[in-house]
Amino acid sequence: MATVLYRIGRFAARRSIVVIVGWIVLLVLIVGGGQLLQKSFASAFEIPGTESQQAIDMLDQRFPQAAGGSVRVIFEVPEGSSIQDFEPQIAAADEAMKASPDVVGVSGPFDENVTGQVSDSGEYSGRLAFSTVQLTVASSDFTEADATALKAAAETAATGGMTVAYSGLTDVSTAAADTELIGLAVAFVVLLITFGSLLAAGMPLVTAVIGVAVAYSLIVLSTAFADVSSTAPLLATMLGLAVGIDYALFIVSRHRAQLIRGMDPKESAAVATSTAGSAVVFAGLTVVIALLGLAVVQIPFLTVMGLGAAVAVVVAVLVALTLLPAILGLFGRKLVPKPTSRSTKRELAAEGTHRTLGARWVAVVTAKPVITVAVVVIGLVIVALPVGSMRLTLPDAGYNPEGSVSRTGYDLLDEGFGPGFNGPLLVTADVSTVAATDLGDAITSFGDRFGGLDDVQSVSQVVPNATADMLIVSITPDSAPDSAATQNLVQSIRSSEPAFEKANGFGYQVTGQTALGIDVSERLQSALVPYGIVVVGLCIILLTIVFRSLAVPVTATVGYLLSVFASFGIVTAVFEWGWLADVLGVAKVGPVISFFPILLMAVLFGLAMDYQVFLVSRMREEFVKTGDPHTAVRHGFIGAARVVTAAALIMFAVFASFVPGGGAVLQPIALGLAAGVFIDAFLVRMTFIPAVMILLGRWGWALPAWLGRILPNVDLEGEGVRELLSATEWRPLDEAGRPFAVAAAGAVVVGAGAAPFELRAEAGELVLVTGASSTHPEAVVAAFAGRQELRGGHLRVLDQPLPFHAAALRRSSVLVQRPVDASLGESGGALASGAPGVLARLERELGAELDELWGAPVAGEWLRSLAVATTARARLVAIDATGIPTPLLQRALAVLHDALPLAATLAVAHHGARLELSGRNVRVLALVPAPPGLELTVHLPAKELAAPASAAPGAAALDADPAGTASDTTAAAPSSPTDSTPREEVTA
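FYI, in the UniProt record's numbering the residues of the sequence shown are 1 to 988.
Because the hints were derived from the structure by calculation, they are not lab data.
Hints are not guaranteed to be accurate.
When the alpha-carbon atoms are kept at most 30 Å apart in a straight line, the in silico DSS-like pairs for lysine-lysine are as follows [as the list claims (entries may be wrong)]:
no., residue 1, residue 2
1, K39, K98
2, K98, K151
3, K338, K266
4, K588, K151
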């Protein structure tokens, strides 16, 4: 993966204008498409499979007039006045509202046969009344224009001191947009302190904003094709900003560190994309998997929210891997910190030349690791204690900010008609199986069933639908919709349904906003543990693969659980206990939104693994180098602490900025994420984890051998990129300053049982690879053509480093095998028609003898392949001539020499002696069997790895042979009398 990311980053850095313009065009297209095709967001919740949703669906089919939304227009008169005195104004307003769009009817407080719409108790007795406006559409589909028209009609009654309020209309909130700017401002300050550069600090913000704009527009565009929750774009914006800034921070930080060490800016952008970018991909993948996993709960709006947030994360990753390196490449050396800057001094601190706050902190927390672990665990357990009293609900208008249209109407109805008035229960009964003669008795028994229950304020009349196959009745509880008493009432009504059905021959279902909220909470609570097991299991599997350790994933999982439960405790204390509720702008103290726990678990999982990867990967790098677990923990911490600290502070600022204006849905999620990020980064990853790793010592990096063999190898530290850079930098030149056609140093080819070999051959020369059959010279020749893997050392053919550019080499070379492998597409007889003269000469020169040797079919096919090779305009022709007598091969090569351009290089595998070919210099590579116990990885001497004059400055910093890693076994490559290249000692 790291190699692929390196190539992506290199392309973006070198073609910066193309990539930047491409992103701008994409942004314009997506934003424009979203504006043209967008539809309104959905605010209603649908929970398939629940009793309340089944009742709602039945209402849609059989009782559409009851399934539509409704709005209550509330009329209030001053103290000392009576609402009765304003009956004419209210009646006139009712008539005006009937003419409003999407209104099917209006039921006024003084209409005939209407009762219960005038307050008769409490502070507002005789001063408060309401009209019920029945809509033809759901409340969520009642547009802002329709609401404006309805308000204009209702306001005609606002005379003589009477005021008008509304319940059931959606508020248009802009507070969140203002708080986002605060989060961005704090993030910019943190970035400025971290980098000490306005330019470097601005880059993560710019790329994050672009990513959020693309993701938000994609979500808006999706409303044209699917129902999208109104919370989805807000969650995507919050998460997209946080991860977008953080991912860019990781890459820019690595880029500037490499610039300090003298690396070329464009090359540094590519390397940073491959190394830090690998961790970005892993971190983004974990967040996306956790968010998409919300689909297992089978709640559509939650699935959509998870999908929208996942889109924001994916876009943030793509921006960080493509647009960001393009911008880094465009600004070049302008991002290089000054030698006297704080950034340079902090970077050098990782090498021990300066002592930073991070170095002092890790020294403190690891000095007494047992005490550190105990303090963190006990402290977080105490913080998590309030979670025991957490209650869940679907927030209604009572959770909206005070002074908002919906909250004002909600509070008036609560005070004038009782706390349960805002959360009526709607009970539906299917009487399609009841005989028409028994329908009257059914209506009576249905209406009498609920009047004597505890916590019931009133029961409406039973209303049948037009076809008399469905009945509905409305129950107003004594308690508030989110109270435990109302929940107990719903459970009591439902639990007695089987007995009622048995006695009356028909059953019923309970629905309404309150019942729907109860069903959602129960569904989510039942899914919380299974989902948590999936997330924790995923955490263990992914981290085991990445770090090849059992202790690292286990400690990471324990830390994640501590962070999650501590966050739950903080949210419970604020939203249910009321601690700091006024300071944080909490509109109403009470239960938190139902999907808060599972959504927090999903998002915090990805963010926690993000910090774990960046911190522990540095520790692992140090452990691989030194083998000392204590040194690895301390040095690795110092190298990653500054970046993790900045990333956590930025995420905390972004999430916290959504708390004051986030509303009942977003506020607990934002606060939980802000608290979770702070706890996980500073108390768990930067305190608990270093102390635990010190306690574990070498056991912290242990992995059973059998497990290590079956686990895939994830190149998170960019080892593949280091190998690619080493191969790219190794570029020997001839006396004229040109690259050799074939150059090898300590090369070991898969399938060739030969010792590491050395070779230099110029363009147009014949390279004769000879050796016993056990050395498999044909495998070496196939490697020259890019058809065989390289196991170690360096091999560069036609200026293409192998095996990384094997595909490009295959386009410039031809391999003729024996017997011919038709799958290579180089044999067909029909292709030989392009070189009839060459084929005829080959058949004349050696056809008869080859027929006797191999048989006519094989010999003819091999000769035709040789002829085709001369028409391919290949710069290198590789031939497997093992088993062919030397005289026949001599004549075949003479024909090829005349047919091929002089610049084309010939590589021939043969078991025989050296050949002579007039007009071409011959290089002989005599293979010798590999010694027993030859290591597969070949480390070249430092002088062999010296970068050529054209190499990027600072590229040599990526040394392929760190001190102390080379093996002690050496094998001298054989010398060829025709090869004047000085031989190097190759360490195998």
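Hints, verified against the model:
1. K39 / K98: At roughly 26 Å apart (the allowed maximum being 30 Å), K98 and K39 satisfy the hint.
2. K98 / K151: 12 Å, holds
3. K338 / K266: 18 Å, holds
4. K588 / K151: 26 Å, holds
Violated hints are absent here; each numbered hint is respected by the structure.
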